[in-house]
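Based on the provided sequences and hints, a complete structural model is requested.
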Amino acid sequence: MSKISDLKTVMDRIKDGNVIMIGGFLAVGTPEGFVDAIVEKGTRNLTVIGNDTGFLDKGIGKLVVSKQIKKAIVSHVGTNAETGRQMNAKEMDVELVPQGTLAERIRAGGGGLGGILTPTGVGTIAEEGKQKMIINNKEYVLELPIRAEIALIKAYKADKKGNLVFRATSRNFNPLMAMAADYVAVEAENIVEVGEIDPDEVMMPGVFVDAIVLAKQPAIDEVKGGA
Amino acid sequence: MSKISDLKTVMDRIKDGNVIMIGGFLAVGTPEGFVDAIVEKGTRNLTVIGNDTGFLDKGIGKLVVSKQIKKAIVSHVGTNAETGRQMNAKEMDVELVPQGTLAERIRAGGGGLGGILTPTGVGTIAEEGKQKMIINNKEYVLELPIRAEIALIKAYKADKKGNLVFRATSRNFNPLMAMAADYVAVEAENIVEVGEIDPDEVMMPGVFVDAIVLAKQPAIDEVKGGA
Amino acid sequence: MNSREIIARRVGQEFKNGNLVNLGIGMPTMVANYVPEGVEVTFQSENGIVGMGPVPPKGQEDPDISNAGGQPVTILPGGAYFDSCFSFMVIRGGRLDITVLGGLQVDEKGNLANWMVPGKIVPGMGGAMDLTVGAKKVIIAMEHCAKDGSPKILKKCTLPLTAKEEVDLIVTEKAVIQVTKEGFLLKELGPGVTVDEVKKATGAELIVSPELKEMEI
Amino acid sequence: MNSREIIARRVGQEFKNGNLVNLGIGMPTMVANYVPEGVEVTFQSENGIVGMGPVPPKGQEDPDISNAGGQPVTILPGGAYFDSCFSFMVIRGGRLDITVLGGLQVDEKGNLANWMVPGKIVPGMGGAMDLTVGAKKVIIAMEHCAKDGSPKILKKCTLPLTAKEEVDLIVTEKAVIQVTKEGFLLKELGPGVTVDEVKKATGAELIVSPELKEMEI
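Residue numbers (this note's numbering), protein chains in the order written: chain A, 1 to 227; chain B, 228 to 454; chain C, 455 to 671; chain D, 672 to 888.
There's no promise every hint is true.
Unchecked claim - Which stretches of chain B does chain A cover? Using the computed rule of at least three CB atoms under 8 Å from a CB of chain A, they are: (1) 255–261; (2) 426–437.
As the list claims (entries may be wrong) - Facing chain A, from chain B, some residues (calculated, C-beta under 10 Å): (3) 241; (4) 266; (5) 269; (6) 270; (7) 331; (8) 335; (9) 356; (10) 361; (11) 368; (12) 393.
Worth flagging that the hints you see were computed from the coordinates, not collected in a lab.
Treat the numbers as computed from the prediction; the structure is a model and nothing was measured.
We put the CB at the ideal spot given by N, CA and C, even for glycine.
The following block contains the structure:
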């Protein structure tokens with residue numbers, strides 16, 4: 001059962017008002033082809049979960065500029081002035097979450113946990129409205145799981161069953177998000193046959209993946225030192 | 228700064244009464260050389276955290292037979308009759324923890340979390356004495372982190388900085404335990420130079436590892452299909 | 455056909471194309487041999503493997519490749535290994551379609567007891583508590599009665615529970631019984647078994663399905 | 672030597688052999704250039720890299736290898752990559768020796784504010800809240816005063832906090848100040864700077880160390 005799909009099939013799943021996770025860290029490891037296709041499609045009122053809102057012309061930032069995001073749940077927006085403008089003008093809602101907490105909340109959503117207790121954010125705005133608990137004389141904030149309807153992630157290599165390999169720091173949030181959504185679409189730089197990825201090399205088993213789309217631009221293997 | 232060490236140095240760290248995590252799953256991926264050395268040393272009153280108590284002659288079971296364990300925190304003891312006997316005779320204390328919860332508790336201990344909420348064990352003995360919480364209309368048990376003074380783990384390959392690669396199902400609890408102890412010693416089947424393991428191939432970065440000891444028996448690479 | 459084969463064959467029929475399946479230790483492991491033709495399922499085991507293949511021929515075992523029972527297995531092309539924490543994220547995270555487990559007792563609320571008999575045998579729960587809570591469908595594969603002939607399918611479990619209200623289906627050599635809000639629904643009979651025989655061997659009320667039939671195995 | 676270089680040089684002296692260090696975005700990143708000779712430290716960045724090497728020569732950047740500021744970096748032999756969740760387990764889990772961050776305000780309890788100015792600029796906390804809570808030693812590397820000359824080292828922070836009571840050391844171009852239970856301890860002066868100058872530029876009481884000396888940079 002091959003999971004190879006195409007951009008149109010993936011885009012057909014994305015509707016106005018969806019909650020979408022998008023991988024990447026300051027646009028490193030962001031599935032730019034998927035982002036461009038959403039911009040083109042013009043889907044509106046999206047809730048987007050990601051590490052940051054990228055740049056005006058790169059990463060999640062393109063969806064900010066095109067005003068398709070109703071709410072962003074991210075750890076950082078400082079590299080995209082338009083996010084700040086829309087946030088101040090109350091055109092977009094931004095929930096800022098400490099980066100490690102964001103990662104753990106996505107993981108909890110993916111792993112069926114009801115939440116995690118983290119020391120991060122104690123005594124700051126980040127704890128506001130949240131339950132706090134003292135465990136072994138130390139204060140922790142209870143952080144709740146996040147899931148999405150759709151996760152759009154980027155991989156370096158995928159086999160046709162959806163087993164994924166990420167590369168260098170483009171891994172970041174991608175494997176976490178692949179676990180935490182009802183429908184997971186992967187933009188892969190390389191697609192290989194089943195059996196070509198060693199079982200110990202797999203970073204995300206295909207059981208979490210629903211659709212694989214070959215990235216538009218071919219992998220620049222001269223730059224990346226070969227597959 | 229090489230972390231290559233020897234069995235004696237690691238054993239010198241282990242004292243009566245220590246809390247020790249030992250990797251492996253029914254003796255697959257257990258550092259048998261370390262276990263044998265503890266038996267030989269005769270350290271007593273140990274608290275041992277592991278997936279199971281192995282067999283009479285394999286894995287953690289050898290420490291049960293030699294009566295060196297005061298308390299075992301494990302998910303399963305059914306493959307070692309001596310554990311059952313000592314448990315019933317109240318010679319050893321056994322805390323049974325659901326396997327997924329044990330894994331998450333060790334991870335929480337390693338990652339600085341105060342605990343996690345899991346649906347596992349709700350309505351069973353496993354929830355007794357624990358706080359329960361309702362999140363989004365679903366019941367969860369609050370499970371607390373576990374750490375150890377020492378973790379003894381098994382790796383397939385280590386470089387001299389302690390970067391580790393595990394193999395097949397011998398991975399199991401080993402990487403989790405490597406994060407959750409004050410002193411982490413690795414029994415490695417193969418030791419290679421720094422730089423020989425690709426940064427994307429590393430399953431556990433060396434920052435968590437304190438000592439590496441070459442496994443006594445050479446890797447049976449014919450059986451294992453080569454390094 | 456012996457009881458175990460009847461059970462294993464019938465459980466295999468529950469698998470749908472593309473399912474991710476976990477088989478418990480013991481009899482459930484046998485089900486791997488009875489996946490219906492044309493159905494492709496992926497087996498995972500909680501010790502950290504997905505895409506598990508059959509037991510290797512004698513002499514070709516790899517000491518690093520085993521299932522959760524510690525038995526040597528193989529891995530199929532497209533399989534993957536991972537650590538124990540990740541393994542249970544798959545299990546609890548909603549991607550595991552079916553878990554097949556053995557049982558000591560199941561009651562009409564769907565409660566399961568299969569991990570200890572106080573004072574007698576306490577093997578531990580292993581991964582069973584996580585599997586029952588996590589899998590979309592929990593199938594209990596067991597002989598209908600205990601060795602002493604006493605019923606294992608009860609109004610209320612008397613042994614310590616593995617999971618509360620998680621069992622979906624019970625498959626024995628005598629019957630296929632679904633756990634419903636109204637109670638146990640008897641859907642199929644074992645080869646040559648009568649409704650009365652099932653009722654006598656069961657310690658709870660049974661609703662007999664209007665579509666009751668004999669297992670087609 | 673300009674202010675930034677003074678600060679970066681002095682922070683580098685805090686590194687001990689074998690330390691695992693995280694450098695924040697901006698000025699803290701400069702510290703990588705001033706690790707004292709003979710001291711071997713390992714740099715990690717929260718986007719998922721340990722064993723980070725210097726910025727690559729122009730034209731040799733790899734688009735998949737960057738630091739948490741999005742800048743191209745390299746990886747040294749013995750380095751490793753991992754996902755964001757794992758990255759913060761390293762950070763919160765007790766294996767990160769030092770984090771060097773910039774600051775808007777630090778107060779005498781060791782509170783830090785460095786992630787927003789309400790109504791003006793709200794870049795977000797990124798990984799700073801986790802880093803301050805997780806690292807064994809939190810060093811704030813910043814210019815002593817704000818651009819308008821107002822003090823950033825205060826009795827009590829007025830901006831929203833990044834972390835409560837986590838700062839260990841402040842290094843500015845004018846002074847090295849340790850956060851102690853008794854308050855700010857002035858330990859070292861910047862090149863040519865007097866105690867009075869530091870006091871004037873600081874919005875909190877300073878305890879002058881009996882061993883006060885000029886930075887040796």
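Which earlier hints can't be squared with this structure? 1, 3, 4, 5, 6, 9
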